[in-house]
Amino acid sequence: MATRTATIASSIGLHSRPAAIFVEAVEDSGLEVEIGRVGEPTVDAGSILGVMALGARNGEVVELTAEGPDAEAVLDRLVALLNSDLDAE
Amino acid sequence: MSTIGVADGSAVTEVRQGVGVSPGSAYGPVVQVAAPVQPPQNEEAPADPAAASEAAIASFMHVAEDLEARSARADDTARDVLKATAMIARDRALHRAVTKHLGEGNGPATAINLAIDEFAAKFEALGGYFAERVTDLRDIGSRAMAHVLGRPAPGVPPFSVPSIILAEDLAPAETATLDRSLVLGIVTRAGGRTSHTAILAAQMGIPAVVQLPGATEIPAGTPISLDGDTGEVVLNPDPEVVTNQRLRRERRAAALAEVSGPGSTQDGHPIALLANIGGAKDAELAGAEDLEGVGLFRTEFVFLSAAHAPTLEEQTAIYSRVFAPFDGRRVVVRTLDAGADKPLAFANLGEEENPALGRRGLRLSQAKPELLETQLQALAAAARATGADVRVMAPMVATIAEARWFAERVRANGLPKAGVMIEVPAAALRSAQVLAEVDFGSLGTNDLAQYTMAADRMEGELSELLDPWQPGVLDVIAAAATGAKHAGKPLGVCGESAGDPLLALVLVGLGVTSLSMATSKIRGVRLALKTHTLEHCERLAAAALAAEDPEGARAAVRAAATPELVALL
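First to last, the protein sequences are chains F and Z.
Residue 30 is where the first sequence starts when you use this note's numbering, and the numbers rise one by one after that.
Residue 510 is where the second sequence starts when you use this note's numbering, and the numbers rise one by one after that.
The calculated lysine to any residue pairs, modelled on SDA-like cross-linking and capped at a C-alpha distance of 25 Å, are:
hint : chain 1 : residue 1 : chain 2 : residue 2
1    : Z       : Lys631    : F       : Arg86
2    : Z       : Lys592    : F       : Leu110
3    : Z       : Lys631    : F       : Glu56
4    : Z       : Lys592    : F       : Ala38
5    : Z       : Lys609    : Z       : Ala564
6    : Z       : Lys592    : F       : Val108
7    : Z       : Lys631    : F       : Val90
8    : Z       : Lys631    : F       : Gly65
9    : Z       : Lys631    : Z       : Gln547
10   : Z       : Lys592    : F       : Asn112
11   : Z       : Lys631    : F       : Pro70
12   : Z       : Lys631    : F       : Thr36
13   : Z       : Lys631    : Z       : Ala818
14   : Z       : Lys592    : F       : Ser58
15   : Z       : Lys631    : F       : Gly68
16   : Z       : Lys609    : Z       : Glu553
With beta-carbon atoms standing in for the labels, derived distance ranges:
hint : chain 1 : residue 1 : chain 2 : residue 2 : range
17   : F       : Gly97     : Z       : Gln886    : 47 to 55 Å
18   : F       : Thr34     : Z       : Arg647    : 33 to 41 Å
19   : Z       : Arg757    : F       : Arg86     : 55 to 63 Å
20   : F       : Arg86     : Z       : Ser773    : 52 to 60 Å
21   : Z       : Thr731    : F       : Thr71     : 48 to 56 Å
22   : F       : Gly68     : Z       : Gln942    : 55 to 63 Å
23   : F       : Ser113    : Z       : Asn551    : 47 to 55 Å
24   : F       : Gly97     : Z       : Thr731    : 54 to 62 Å
25   : Z       : Asp589    : F       : Gly68     : 30 to 38 Å
26   : F       : Glu101    : Z       : Asn551    : 48 to 56 Å
27   : Z       : Gly859    : F       : Gly97     : 39 to 47 Å
28   : F       : Thr71     : Z       : Arg920    : 47 to 55 Å
29   : F       : Gly68     : Z       : Lys790    : 44 to 52 Å
To be clear, the hints were calculated from the coordinates, so they are not data collected in a lab.
Keep in mind the model is a prediction, meaning the values are calculated, not measured.
Every residue, glycine too, gets a C-beta built ideally from N, C-alpha and C.
Produce the entire structure from the sequences given, and follow the hints as far as they go.
Quick look at the structure:
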């Protein structure tokens, strides 16, 4: 199982547009990815409602886990997404 | 209801009576707005939960496709919102929750509702931006339920021909987002004289009738005409009726075009004529009109569409845009007036048994002083940046101490003029003492009527009690005006009653010094003032106070007003 941490860079936190972009990327990967605060219960990262209900704000650290053949590469891509301000585009 | 004839040999002409709340007339085809869907009581459990789950998920997918199709036609901002909403409809966690509730023996619509409730509760607990998304969630649930139950999708259906919108009632957000160029008129079955639909329609200059019997049963596409002054709606109208309506409109327009400039009585007593506005778009429209400024800028409508508590910078920018068109003219700003009928995600003090009597207006500001502080700072900055004569007033003030508390904060922020809304009877009766603390007062006659008559504004059935012509309400207004005179402070009216030409004369006769109303009503009131002396207004006020009931008051004033004005009403 691959694990990564990321810091939410979007100024408005992980909801609305940033959450939508992130969840779309998870769906495109075809993998089961979980997201949560370190040491707390995780949610399905492919669920926009789950991700939004996490309520992760700007500057918060989250942990991603995934399983599968290219889990490492997928998580690297997802971390890069979270580490950029997705609302700025 | 009565059938008066057959128009063109096919459709039957029928006249129905509602309550006119926004002046003007309209003629066009009906678009029906479907009500939100609720799950049926004791809905039967499906025989095959697995098949029911597939059907429910298919309904969500249908909703998502519909939203995506609409997003393709929408502008940039709306497109992102619709796309994000479509994504929620496709959410697998939501689908799993529906499947779980179906497995527990719930009917399909009930299972959808329970799943939506689950996520709505999570979002509400998070507060702020998330609590606002609950509206989107509920809309998705309502649409999915409509689909599984084979009912029409709720809300305003897409339409491209200018039409008249018919609904049970419209939510403030629904009314605010209507496309003005496509909406000729609004008719609702519920609602009242002072419901938000009525206020927004008047503000947008869209003729409207509320409380029309059977409004939701008139088939879509039926041609109807409506008269927003008399409240008459005609189904399949005779072409002659439509022509007469148009002629009357033209006669009125010609008379109104003859008077202009600052408001005053025939003998030259100035009565400022001001606009009620709810945002930058209204400000721009009102700013271009012949009027003396803004008598009520409802700031909560600026907050309604915000995703979070607007920052100092954001608010300063919005207020600057609102003030800009009024260089050299006054703008009376009402600080945030949120309550349970206009809930804000970031200023929510929780559910209340009786929101109209709850922690709203200034009470909310006292519970969350940081919200008021930021707003006052932003107003002061925007006032400095523009040339508008900005005056700030607090809603729902009941006591002298509250008026003092507010005035101190306004002045501490360098804003020169502080005022209070007089809408609580206690403040009206003690207006001399309350107004001594501030620079001006403004009667909010809609809420004042609600609190004086103990009748809920949102309860259409109580419309008669809420009639601003109720002599009991006029007595309270008279007491407030007398107190203001003693205190030597100006007292305006910013309720919708200020826009009724006859009632405006009564208010002036009682001692009111400015009138603020929907922009579309100003010209009628200017003409009414121009045709009456102050002494005549005082006689009209005495006649209204002497009446037994609203009808009597209206009739007495009509009979004693100048024939010149009455002929145009």
